[in-house]
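Going down the list, the protein sequences come from chains F and P. Note that numbering that gives the first Met the number 0 gives residue 362 to position 363 of the first sequence, counting from 1, and the numbers run on in steps of one. Note that numbering that gives the first Met the number 0 gives residue 89 to position 90 of the second sequence, counting from 1, and the numbers run on in steps of one.
If you're looking for bench data, these hints aren't it; they were derived computationally from the structure. Heads up, a few of these hints could be off.
Stated by the list, open to error - Here are the simulated lysine to any residue pairs, SDA-like style, with alpha carbons at most 20 Å apart:
no., chain 1, residue 1, chain 2, residue 2
1, F, K380, P, M67
2, P, K353, F, L490
3, P, K287, P, V210
4, F, K225, F, R183
5, F, K489, P, S100
6, P, K35, F, P397
7, F, K489, P, K287
8, P, K353, P, D306
9, F, K489, F, G470
10, P, K353, F, P477
11, F, K380, P, Q154
12, P, K353, P, V210
13, P, K287, F, A57
14, P, K35, F, D391
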Amino acid sequence: MTDAIRDSHAIDGKIATPDEVHDVVVVGAGAAGLAAALTAARAGRQVVLIDEHPVSPALVGNDVPLWFGGRATAALQAPERVLETLVENEPLIGECFEAGVDVRLGTVAWGLWRNRDGSAALPRAMLGLADSTRSWTAGFATLVLATGARDCALGFAGWDQPGVMGALAFETLVTRYDAFAGQRVVVLGSGDLALATARLAEARGIAVAALIEVRDSVQGSGTLPKAAVLIDHQLIRAEGGINGVERVLVADAAGHERVIACDTVIMAVDAVPAIELAEVAGAPQTAAGEVLPGVWMAGAATGSSADAAAQGRAVMARALGQDVAIPAADASFDRMAYRAEWLRALVATSPDTTKVCQCEEVSRADLIGVQPPQYLPRPDKLGARSLATLLDDGPPDPEQVKRLTRAGMGVCQGRRCREQISLLLAMAANLPPAGAPRGNWRVPVRPVPLGILADWHETPAMTAGWDVWFGIATQWIPYADIGTEAETRKLATLAGSMHI
Amino acid sequence: MTAPQYDVIVIGAGVTGLSSAWWLARDGLRVLVLDKGTIGAEASSRNGGGASHYQSPLFAEEQRLWPMMDDLLGYPTEHQAERVIIATNQHDLDHYHFIASNCDEMGWRVDRIDAATARAMVPIAGDNCLGGIHFRFGGHANPQRTVQAFGWALQDHGGRIIQHCPVTAITTAGGQVTGVDTPQGHFSCGALVVAAGPQIAGLLAPLGIAVPLMAGRAEMIVTEPAPLMRLGGVDGNGLYGRQTLRGNLAFGGGPHEWIDTQPSGPRARPTTPLARNLARRVAELFPKAAHLHVIRSWAGIVENTPDGRPILDRIDNLVIATMSGVGFGLSPATGHAVRDLVVDGACSFTDIAKLSLARFAALESDWRERRGWLPLVDA
């Protein structure tokens, strides 16, 4: 038997083995990840715990990974100090150190790959990691994704100014970074997340001017904060000046408007499970448990930290082969219906020039009209095109709408707009909120600078076999030369790689 | 005998199929386009947007058409003329000068530019830039916007597109195509254009027509916006790509992965850590942009013929159209050629005889093995 011929320009053998390989990798040092890491370490396993905090000031400014809303203090500019603060504020990190866990803060997991339908190019499954100086890859026997949740942003009039932020970003700045810049907040929502947000603010001496609720009752079941919950109220708009929010205007059911002074509006209607890594690796579903061979999801994402810790412990125990039940997340509250009701209320009070996507400056009108960005001409015929005409051609496709309008294509990677785009498309297509079509995630699931993402130590095979396109020399021979002496001569020159 | 429902059915709502359908509908023909998925969902919207393929016999017509496509279609394509290729090492510079000499031979104007000129044109180039070549022809456009523009313009001419409607069989009678079977029923036609990318081979095999194709997966990355350069069409260092009008740097290149495809199309289009190798080359090409964040990567599936050249051919009332991985930029002219093949039986504006299917009549049955064009097996 002779050796098979290999296409030297194909990917075969060019992707390097991971730069490091670990027994157990846990991504996310929140309650679930810390519990999972400690469980594994105490069972005698070699554990690496990765967490992206402290996040670089550049990403915080872009509202990645949470919706920081320009309300972080200058403390973020001193990364070493922030790192110390993070460790001081979370005693379990110290416990992880003592238990022998390799804790890596300020390290982001931006990619996860495995061989699957459509690709068998990898020597093994691996994570893409990066810190502030370099990127690298890491293999694992067991991977636990305890990536928690991210903020759910729903737009309203005046939401695109400093001082409008998400509940998880607020919690992170207050409890982890000691770096929240506001003093008087209004909280949107009255579910468990909103109540917890208001209680946290009050406990830290931050004034809570009010909680706003569009429904006619308080939605959460936890302890009420001291601040008033204004039920059956509409948020008209947030107003402010050069430093962002200074007040919000709200209206009661009878339409009586009033002004509430505040420097921060915290959207606490909902949080969204952070499933980016599982999704880009092709996980068919992302409930707690094993979502891909050797890859586990943990963390209630939107429950209490005690729930998350319990789930983190249980998932790791299962991953270690123990027969324990994984407590399920509480699904009794219809979060999608609540989100949709809030969005409908905010749409009703805001002009359709309100931005849906802040990065790309796409208005709600342009999204529903499927209009191109402002820097392109809008010929008359485009006026006749809209989401409605697209729907005649097939079901709503967030990827298509995204690429035509650019909504969701900015540097925040759609973190501030995917939920509202998804719901707006569902509303336009008369789909129930739970059936709203979602845009997908792509690697890198966090923005990573070119110079950091770059592999400066690639395999010799990668360097030697690199071609601009498929490396088919005959593809680039000028048509007139085909079958002539010139073809032979040009194929011999520069190995025929003549294309641009 | 009743008249067929459609004068022409086109299988494949990619850029080649839609351009063909648009050209045919402009002639007043009743045209139906069928696609297994959505408009431009595959390689037509997942490419570098380049429109500088001087080697093609369709190139002169493409160059004539691109500047007027926005007006002809009625929708913006983001077409931008011209291109710059800059070198970061002597080997590449020699290589680009060789390309320039080829273009000279063909009458396409190319300026050799020195390092200072190159850096003036490409402010994010670095001290490693040795100069390059400036195409006073060619260019680039936005793939998704262009393919959607072809689709909309086709509809404006009365053409019909049915998405999510895979063709399950091509029906024939007396050696002529009579129509296609789909989950939505049978559609009859006077002529059929098969522009279904990697799926062409599977569609035509039952008719006894062997179309040698192999599909490959290729990857790209894109950054956050950079300040707009004078020309967005800038590449080099083993990359193809462009700066979009928004400012993003979108680049691809490097090794492909040969894959098996199913009649229903690719099941997934995963990316790999190749994003890091692409990032390195973009950072080397544009050192002053190395701080820009990469915000997405993606993969597309493209088909190639054994010699990498298109198949544009007519067999009775059947037209086969595959551009072998280089289809986007040439698409305005490809549609014209397909229109000519369908309506007139021959291309009116250029010779395409060397793109016939017959050139593969003597192809070895193991042509893929001979080239190493084989899918990887997961160890």
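Here is how each hint holds up against the structure:
1. F:K380 with P:M67: holds, 16 Å
2. P:K353 with F:L490: holds, 18 Å
3. P:K287 with P:V210: At roughly 46 Å apart (the allowed maximum being 20 Å), P:V210 and P:K287 break the hint.
4. F:K225 with F:R183: holds, 14 Å
5. F:K489 with P:S100: holds, 11 Å
6. P:K35 with F:P397: holds, 18 Å
7. F:K489 with P:K287: Judged against 20 Å, a Cα distance of about 35 Å means the pair is violated.
8. P:K353 with P:D306: OK: P:K353 and P:D306 at ~11 Å, within 20 Å.
9. F:K489 with F:G470: holds, 14 Å
10. P:K353 with F:P477: holds, 12 Å
11. F:K380 with P:Q154: holds, 12 Å
12. P:K353 with P:V210: Answer holds: P:K353 to P:V210 is near 15 Å, not above 20 Å.
13. P:K287 with F:A57: At roughly 17 Å apart (the allowed maximum being 20 Å), F:A57 and P:K287 satisfy the hint.
14. P:K35 with F:D391: holds, 16 Å
The structure fails to meet hints 3, 7 from the earlier list, while all remaining hints are met.
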